[in-house]
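Chain order of the listed sequences is P and E.
Heads up: take any position in the first sequence, counting from 1, add 1, and you land on the working numbering.
Heads up: take any position in the second sequence, counting from 1, add 12, and you land on the working numbering.
FYI, nobody ran anything at the bench for these hints, they're computed from the structure.
There's no promise every hint is true.
Once the Cα atoms are required to be at most 25 Å apart in a straight line, the calculated DSS-like pairs of lysine-lysine come out as [what the hints assert, rightly or not]:
#1 198/P x 215/P
#2 18/P x 91/E
#3 53/P x 30/E
#4 91/E x 41/P
#5 41/P x 105/P
Only some residues are given here: those of chain P computed to face chain E with a beta carbon under 8 Å [as the list claims (entries may be wrong)]:
#6 45
#7 49
#8 51
#9 52
#10 210
#11 220
Some chain E residues well away from chain P (every beta-carbon gap over 12 Å; in silico) [unchecked claim]:
#12 32
#13 33
#14 69
#15 70
Since this is a predicted model, take the numbers as computed values, not measurements.
All C-beta atoms in this analysis are idealised placements derived from N, C-alpha and C, irrespective of residue type, glycine included.
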Amino acid sequence: MIVGKQKPLEEIWEMIKGHQKVLVFGCNTCVAVCHEGGNKEAEILASLLRMKAKQENIDIEIRDGGIERQCEHEFFDSATDQVEWADAVLSIACGAGIQFTSEKWPEKITLPGLNTTFIGVVEQPGLFTERCAMCGDCILHLTGGLCPVARCSKSLLNGPCGGSAGGMCEISKDVECIWDQIVRKKMEQGHLDDLLKMKPAKDWTTSRNGGPRKQVREDLHE
Amino acid sequence: MAEAAIALEQEEHSTVEKQQEIPPDWKPNIIAFACHYCAFAAADLAGVMRLSYPTNVKVIRLPCTGKLDHIYVLRAFEKGLDGVFVAG
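Okay, chain E solo, but in the shape it has when bound (with noise of 0.2 Å):
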């Protein structure tokens, strides 16, 4: 009985992802949509500035954060990002 209650157990907990060891230098993948009217214009201005952010933010401009979908978001972490940045 109780072997069996362990084999359920570790069925259980096969199904999800082992924690790993994070590596030193390991960044996460971030992908970021922004407002044309504002966040966006920001980023902009940082650019004029010759202000850097992190090159693992990728900015998407989007016209309003309105036009954000939960597909946008879902298609982002299919496809392995680590994290959605909204700003608007």
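Okay, chain P solo, but in the shape it has when bound (with noise of 0.2 Å):
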């Protein structure tokens, strides 16, 4: 899933003060299961705003709203009175979601209430941890199924690296070298080998470096 923290109640302040009618919009997919960017989190988000509103005096009318997934056209048509009566959207979606809103409704003003941070998975209740870098063009079957793309702190493909001491990268005594552990799941699995196989240089073109992606299905898009 899509994971996100929202900004600092301060910067956020700083997006909105100037506007009059304020609508913070949650996100009840991805963002919503990290406890950031749900309608809930948006319920409370607005509590906080109105709050700091009156302890500013600055009078600005703060709602909140949100849908189901703020990234398909489905989902905003039970939004619409919500949004139309707002002058700014505060959206708490992920960047994609955000964007989308600001699509949808050109005339409106769109602020980020959250950062997009990275695609992951609940670890334990409230830890996400990356997993995956949108690289486009996957080798878990080559690695173990340990992406060193996205775990690797230099996304290197033939690690691990002189920095690796211990099971631990040495940019922080906190991160596992995932190339540590490649190596040891392919041992203990006895396809060490694989990782001696020469292998092409990754095509990059799949991944950003090749620009904005598109991807399209024929029996589904007119």
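Hints given; two lone chains; assemble the complex.
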């Protein structure tokens, strides 16, 4: 899922304080799972901002709302009245959701209330960790199901490097060396020789290096 | 320069609520969220025993204090309550 983190309240306040009617707009899918951008968080953030406005003695009307997903057309219908009311929409969806909201209502000011951080998993309750860098050319079959593109600090494809010590990465004692884990897993599975096979250089044009990406399903797309 | 610094300081302070004299008869307005199975039962028992508690505390029964949401507390403060008491 997409993981995000709400921007600091002060930063959000600076963005909204010049507007009259602000809708805090949640997205109840990915960013709700990490308890940062769901409709419930929108309600909490709106309450905090109303109290902030009262403290600062600034007259802003702040309401909260939200939909299930800000990245699909269908879900926006139920929010039409909410958005029409506002002159600024503070979306706490991921970057995709915020942009789609902005495209849906081009006359409204759309503001980001959340920083999109990564694609990750719920490793433990409240602990979200990165797993995928969206390179567009998966190599997990070669690396024992552990992704060095997302999880090696240098995205090395032929690690571990000299900075690996005791299973940890040189950048921080809290960061595991994924290449250490890849080698150990391959040894346990008896496939260490896989890592010795010659592989052509990775084609990064499927990643961000190839520009904005697009995907078409011809049987569904008119 | 010094004047500018003082003006800035005053401006910063203006956003902070000024401390006011507390009237002697003032009582904080408190809301109590009580769990149905323990704290609320205790409050109920107190009632049966004809014990009284201050009128500035308003009790709201929850099925469990696990039901208490962030927004319940925030709404209470937004509505001007002085304290939120959670018992369970």
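Hint-by-hint comparison with the structure:
1. 198/P x 215/P: violated (32 Å)
2. 18/P x 91/E: holds (21 Å)
3. 53/P x 30/E: Holds - the C-alpha atoms of residue 30/E and residue 53/P are around 15 Å apart, at most 25 Å.
4. 91/E x 41/P: Satisfied, since the Cα-Cα distance of roughly 19 Å is no more than 25 Å.
5. 41/P x 105/P: At roughly 23 Å apart (the allowed maximum being 25 Å), residue 105/P and residue 41/P satisfy the hint.
6. 45: Holds, because the Cβ-Cβ distance from residue 45/P to chain E comes to roughly 5 Å (cut-off 8 Å).
7. 49: For residue 49/P, the interface hint holds, since the closest Cβ of chain E sits about 7 Å away, which is under 8 Å.
8. 51: holds (6 Å)
9. 52: holds (6 Å)
10. 210: Status violated, d = 42 Å.
11. 220: violated (44 Å)
12. 32: holds (15 Å)
13. 33: holds (20 Å)
14. 69: holds (22 Å)
15. 70: Given that every Cβ of chain P is farther than 12 Å from that of residue 70/E, nearest at about 19 Å, it holds.
In this structure, the earlier hints numbered 1, 10 and 11 are contradicted, and the remaining ones agree with it.
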